[in-house]
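Please build the complex by placing chain B on the supplied structure of chain A, with the hints as guidance.
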Amino acid sequence: MSTRSIDRRSAEMSLAYVLTAFFFFGIGALAGLLQGLVRGGVITLPEWINYYQILTAHGVLMGLVFTTFFIVGFFYAGMAKTITLPKLSVKLGWLGWVVMFFGTVMAVATISTGEASVMYTFYAPLKASPWFYIGSTLLVIGSWIAGAGMTYAYTQWRKQNTNQRSPLFTFMVMATLVLWYVATLGVAAEMLFQLIPWSFGWTDTVNVVLSRMLFWFFGHPLVYFWLMPAYAAWYNCVPKIIGGKIFSDSLARVVFILFILLSIPVGFHHQLTEAGISEKWKIVHVALTLGVVLPSMMTAFSSFATFEAVGRAKGARGVFGFFKKLPYGDVRFFAPFMGMLFFIPAGIGGIINTSNQMNVVVHNTIWVTGHFHITVGAAVALTFFGIAYWLIPSLMGRQLTKGAHRAGIIQTLFWTVGMLIMSGAMHFMGLLGVPRRTDYTTYMDDPLGLSWMKYETLMAIGGVLLFISAVLMICNAIYLWKFAPVGETEFPMAENSLEVRQQTPRILENWKVWIAILAFLILVSYGYPIYDAIVHAPPGAPGMKTW
Amino acid sequence: MHVHKLEKIWLTFGGLMLAAFLVVLTINAFAMGNTPPSDLQQIDPTKVDQTPPFDKPGLVKISENEYDLNMIGYAFGYTPALVEIPKGATVHFHVTSRDVMHGFEVAGTDVNMMLTPGLVNSVTKTFNDVGSFLILCNEYCGTGHQIMAAHLVVK
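Sequence order for the protein chains is A and B.
Here UniProt numbering is used: the first residue of the first sequence is 1, the next is one more, and so on.
Here UniProt numbering is used: the first residue of the second sequence is 1, the next is one more, and so on.
Honestly, the hints are just simulated from the structure, not real lab data.
Each hint should be verified, as a subset may be incorrect.
Stated by the list, open to error - Not everything, but these chain A residues come out facing chain B in the computed CB check (under 10 angstroms):
no. : residue
1   : I49
2   : Y52
3   : S112
4   : T113
5   : S117
6   : N353
7   : N359
8   : H363
9   : T365
10  : R436
11  : L448
12  : I534
13  : V535
14  : P539
15  : G540
Idealized CB from N, CA, C, for every residue including glycine.
The following block holds chain A by itself, in its conformation from the complex:
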């Protein structure tokens, strides 16, 4: 008999998001394969398609579309599991999906026709078609509508359960949404007041400095918007899968609060080598960025503390004996666990990137590309794959079979090895000075340019393994969606008893306090620089289509 883990309406709506995410993931993966092969000197593209066009497609589809669709789907499903969704939330969920899908199609169409080869960072004064900017804005607005559905479910639950701390997963959803709403204000302002009027020709020039500040106000918390859902799975789902408990309810909440506070007022660490921002403001952002070390270390501690407790309960001995007792044959654990391991070097790389002086060595080199392929492309992506393996059959009322587990382990291994090779090559090349976002080139046979080619080829080999893994992932997702045997799959969600939750300090769920502190930090770190960028704006730059 088919048994869904949550009610049918919520399940169908969540599933629509997850499956759409994998549809666009497939197109993004193909674009990634092509660009890896081109840059590695293996193939040349036909005349009618440009390297920078597929590079833009890859970035937009993987970084903005796959992630956002998957996150909304996972969050809705997890809320339905922990607090149930009212009808209005499900309706808002569907409306959000429609707006997000429509916006994505619009953006992809302008990229396909060559009207928007501006990368997913769309740095002005590169001027794309207005429909690219409008499409991207709709993607964000759709996510706001979906977020409103979740917020409604949460407020309803709070009304019915006064003075209760919400379940940890739901709390984490709300923390992520607070971050997302505040962060997207930056990019929304850039789109609505700068880029859209300018690309329609209503204004002649653009204030480039301001546009970049607004973009990075959004651009850095964007990476936490990817990461926090993965953390929510590490804190709630992984412990349940391995038969453990949530290490600490209150500390997990502190981690998410710290992410809200420390991920927005820090955007200048992406702009360290830029003119127009004084070095004194840069160091303020650098200091706040490094503060993220604390919640990251807390997460590492609690994850491994849970693993150790489980291992010891199964009879593990010695300091590291528990590593032998973990269920590596279970893809629901194995995939996110590989992601966690990737996050260790990724975190160290992040500290290097944000450190004022070391940044000039790696800024805009392919090191940075290597960095975000082991953060979002490995730690986050592998966790999302691991979630998909149980979430899809669980929402469909099908079984996660042994065969699917095995296929999932193979898929995870391909991704892990491919990413190690590709990102390893990227990090190494970055230290040599190889630039990111660059078509095949030897710089007119410059000896230095020629010496880089062997590593570019290595990078392409990693890319091929990743593409094989992506194809396997999509096949597995389709199997679990339509063809796996009917039955039941657990929705793994470790829940603390109400008694434990009530010991968590009440202030942690007082959003007004945290939003006020966040507003203060933003005012301190961005208030004057943004005021200055408007009042003492450099001469405006006219738009250009240089592709």
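Then chain B, alone, in the frame of chain A:
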């Protein structure tokens, strides 16, 4: 709120590391002068070719073996495209863009900065070894981004 004893040790360690990093970064930046390129000088991007010193881009000797090097980045190249300097020269790079965002990287060195239209960016470097350095654009700027390069030869 209960915090495990080992976690307290772990977080104290993390906090101390954080403090040490910040102290090192700040001292290195402000006491030793290693701040990232952060020039605030403005320029009209549509009039770069008429604005001194960029109306005559190139090397300007300012003292014994010390030079200002004024360069323009554009889609897709740099003016001048070839610069020769003597060994041991200290070069103050002043570079701007006359169209879109560009990068300015002397590959294999720590000279690496962004060129924003509307602003001049600056960095200083002493070249003690002879050789030919590849200057390249590391910010995507259009279809010819991969050929945007220049050379700096130290003799």
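Hint-by-hint comparison with the structure:
With a cut of 10 angstroms, the hint placing A:I49 at the interface with chain B is violated, because the nearest CB-to-CB distance is about 12 angstroms. For A:Y52, the interface hint holds, since its Cβ comes within 10 angstroms of a Cβ in chain B; the closest pair sits about 7 angstroms apart. At a threshold of 10 angstroms, the smallest CB-CB gap from A:S112 to chain B is about 17 angstroms, leaving the interface hint violated. For the restraint placing A:T113 at the interface with chain B, the shortest Cβ-Cβ distance is roughly 15 angstroms, beyond the 10 angstroms limit, so the hint is violated.
Against a cut-off of 10 angstroms between C-beta atoms, the interface hint on A:S117 holds, since the closest Cβ of chain B lies about 8 angstroms away. At its closest, the beta carbon of A:N353 sits 12 angstroms from a beta carbon of chain B; the interface hint therefore is violated under the 10 angstroms criterion. For A:N359, the shortest C-beta to C-beta distance to chain B is roughly 7 angstroms, which falls under 10 angstroms, so the interface hint holds. For A:H363, the suggested interface contact is upheld, since its CB lies about 5 angstroms from the closest CB of chain B, less than 10 angstroms.
Look at A:T365: its Cβ gets to within about 6 angstroms of chain B, closer than 10 angstroms, so that hint holds up. Evaluation of the A:R436 hint against chain B yields a held restraint, the C-beta minimum of about 7 angstroms falling below 10 angstroms. Checking A:L448 against chain B: minimum C-beta separation of about 5 angstroms stays under 10 angstroms; hint holds. Here the hint on A:I534 is broken, as its CB sits about 14 angstroms from the closest CB of chain B, past 10 angstroms.
Given hint, A:V535 at the interface with chain B, is violated; its Cβ is 13 angstroms from that chain's nearest Cβ, farther than 10 angstroms. Proximity of A:P539 to chain B holds as hinted, the smallest CB-CB distance being about 4 angstroms (cut-off 10 angstroms). Taking 10 angstroms as the C-beta contact cut-off toward chain B, the hint placing A:G540 at the interface holds, the least distance being around 7 angstroms.
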